[in-house]
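Spelled out, the chains give:
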Amino acid sequence: MDLQLDLLINAIIAGLLIGGFYAAVTAGISISFGMLDIVNIAHPAFIILGSYIAYIVNARLGIDPIVTSIVMLPAFYVLGAAVYQIYYQSFEKRGQESLRGLAFFFGVLFVTEVCLLLVFGVDYRSVSAPYIGSSISFAHMEFPLRLLVPCAVSLAMFAALEIFLSRTFIGRAVMAVSQDPQALRLMAVDPTRIKRIAFGISIATASMAGAFLIIIQPVIPSVGRDYIGRIFAICVLGGLGSLPGTLIAALLLGVIESITSVFYGPSWAPAVSFGILLLTLAVRPSGLLGR
Amino acid sequence: MANSGNSIIVDGIDAAYGAVRVLEDVSLRAGDGETVVLLGTNGNGKSTLMKCIMGMVRPSKGTITARTDGQEHDLVGLTTEQIVDLGIALVPEGRRLFPRQTVEENMLLGASRRKARAQIKENTEFCFEVFPRLAERKNQLAGSMSGGEQQMLALARALMLSPRILLIDEPSVGLSPLLVSRTIDAIKQLKDHYQLTVLMAEQNFTQAIRIADRGYVIVHGKIAFEGGSADELNNNQLIREFYLGL
Numbered sequence: 001m002d003l004q005l006d007l008l009i010n011a012i013i014a015g016l017l018i019g020g021f022y023a024a025v026t027a028g029i030s031i032s033f034g035m036l037d038i039v040n041i042a043h044p045a046f047i048i049l050g051s052y053i054a055y056i057v058n059a060r061l062g063i064d065p066i067v068t069s070i071v072m073l074p075a076f077y078v079l080g081a082a083v084y085q086i087y088y089q090s091f092e093k094r095g096q097e098s099l100r101g102l103a104f105f106f107g108v109l110f111v112t113e114v115c116l117l118l119v120f121g122v123d124y125r126s127v128s129a130p131y132i133g134s135s136i137s138f139a140h141m142e143f144p145l146r147l148l149v150p151c152a153v154s155l156a157m158f159a160a161l162e163i164f165l166s167r168t169f170i171g172r173a174v175m176a177v178s179q180d181p182q183a184l185r186l187m188a189v190d191p192t193r194i195k196r197i198a199f200g201i202s203i204a205t206a207s208m209a210g211a212f213l214i215i216i217q218p219v220i221p222s223v224g225r226d227y228i229g230r231i232f233a234i235c236v237l238g239g240l241g242s243l244p245g246t247l248i249a250a251l252l253l254g255v256i257e258s259i260t261s262v263f264y265g266p267s268w269a270p271a272v273s274f275g276i277l278l279l280t281l282a283v284r285p286s287g288l289l290g291r
Numbered sequence: 001m002a003n004s005g006n007s008i009i010v011d012g013i014d015a016a017y018g019a020v021r022v023l024e025d026v027s028l029r030a031g032d033g034e035t036v037v038l039l040g041t042n043g044n045g046k047s048t049l050m051k052c053i054m055g056m057v058r059p060s061k062g063t064i065t066a067r068t069d070g071q072e073h074d075l076v077g078l079t080t081e082q083i084v085d086l087g088i089a090l091v092p093e094g095r096r097l098f099p100r101q102t103v104e105e106n107m108l109l110g111a112s113r114r115k116a117r118a119q120i121k122e123n124t125e126f127c128f129e130v131f132p133r134l135a136e137r138k139n140q141l142a143g144s145m146s147g148g149e150q151q152m153l154a155l156a157r158a159l160m161l162s163p164r165i166l167l168i169d170e171p172s173v174g175l176s177p178l179l180v181s182r183t184i185d186a187i188k189q190l191k192d193h194y195q196l197t198v199l200m201a202e203q204n205f206t207q208a209i210r211i212a213d214r215g216y217v218i219v220h221g222k223i224a225f226e227g228g229s230a231d232e233l234n235n236n237q238l239i240r241e242f243y244l245g246l
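First to last, the protein sequences are chains A and B.
The working numbering puts the first residue of the first sequence at 1, with every later residue one more than the last.
The working numbering puts the first residue of the second sequence at 1, with every later residue one more than the last.
For reference, chain A alone in the conformation it holds in the complex:
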């Protein structure tokens, strides 16, 4: 087989695998920004927090980062619900959420980052797990396990979220809450409670995304910033409020970035992905699967 085709196939595989990881990183934003109209710019900080928790437990006890992140889900949920409650009491209740709410989340982002910096310093931290470093080969294709495992767990998380949102009463209320909170009251549903639950879930996804991140690459407190632009791009490209759209957009962006990096150099990757985002929005302003 010729080398070019080999490179292309492996670039696509790597792109899909990294795209699965992007999907996990974006899931929380897709809920908070896409469904609740909450511009949670601090989401990457919660992801990094998840990374560091996975790191400590891994370094001290040798436990797998993904196992840690699943055990930590309830704690992240409670953290998210608490952050929402503060946001609600201070901003949303008074109708001041748009600008001051944004400033609030910027604050949360920086405070979290600085706290992590003070505790862990600026050194790169990484985890060890049996699957990091090895890979499966199949024909000419290469599946690095440190990408494959997070991607698979991420897809499972997406499936669970989508089932929750489309099949349960609370899930359907989450999708409707930002369209008309007052009308939701007329369905005997408290919109504030729905938003608190949904925001808790959105932060809970950061626990898992954090574990995936530190499996894929070493982490420093400010690494979340590299992802902010990409996260919002994927969320908008997929269509606000659509989890399947987010997944497709994440895989698409992963593949595009990977192919661009392999054939034209990594520095072109962001330009090409944002170019695609702009083109898509010009043709379909509501995103791929936006309603």
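Certain hints may be false.
To be verified - Listed next, the stretches of chain B that the computed footprint assigns to chain A, with coverage defined by at least 3 CB atoms under 8 Å from CB atoms of chain A:
#1 87-96
#2 120-133
Unchecked claim - Among the chain A residues that face chain B by a calculated CB cut under 7 Å, a handful are:
#3 Val111
#4 Gln179
#5 Ala183
#6 Arg291
Just so you know, these hints were derived from the structure itself, not from any lab.
Each residue gets a CB set at the ideal place from its N, CA and C atoms; glycine is no exception.
With chain A's structure known, arrange chain B on it following the hints.
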């Protein structure tokens, strides 16, 4: 009125938005299985009265008592969610659907009320029987439907709550005369099937009194006339000329 059945009693309420007084000493009653209309033109306080009953506007004076499932409840001070949970549903003015959700999703949101969850299947079937159009369009987004279809969906969504008392605010707004007539017929059909107590606010006098047992005319936030029967309302020439401009 006995202590049974589903009824609502509004007694002497005042309500205001800031310094603007909207309702003054309003009393009305809808007894078990009755269809009561609240007539009046725009800006006379019909919607505000509906909102007071639903806990969306708090009256400054007076009481609102509802009887559902054999229990009496004082509604003033309860949240909207608690009031809906008692079995009192409102089809709001302007319909207030969730535009980016499908017809089916809108209806299932109506079924969020705990007591209604066991009846989802039968409620859906009955709504689709009364409004076959909704069955055809169940996967369409609510925001992309016509005004008449949206009004059907708003009614269906409220019925998915399995209410005992149904409040309907201006069902005729934005509909063609033919659709208004059909909507009024549908309300009658739903009412009979579920043995609902209905309180309907409406400006379309001729259509509304077709299905009304009794009615009130509200003018400048006060009850100006109380008709003990549809005929009484119909034959009150003074009311027709002065308040309804017919």
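Consistency of the hints with the structure:
1. 87-96: holds (count 4)
2. 120-133: violated (count 0)
3. Val111: violated (34 Å)
4. Gln179: Since the shortest Cβ distance to chain B is 5 Å, the answer is holds.
5. Ala183: holds (4 Å)
6. Arg291: At about 4 Å, which falls below the 7 Å cut-off, the nearest Cβ of chain B leaves the hint on A:Arg291 intact, so it holds.
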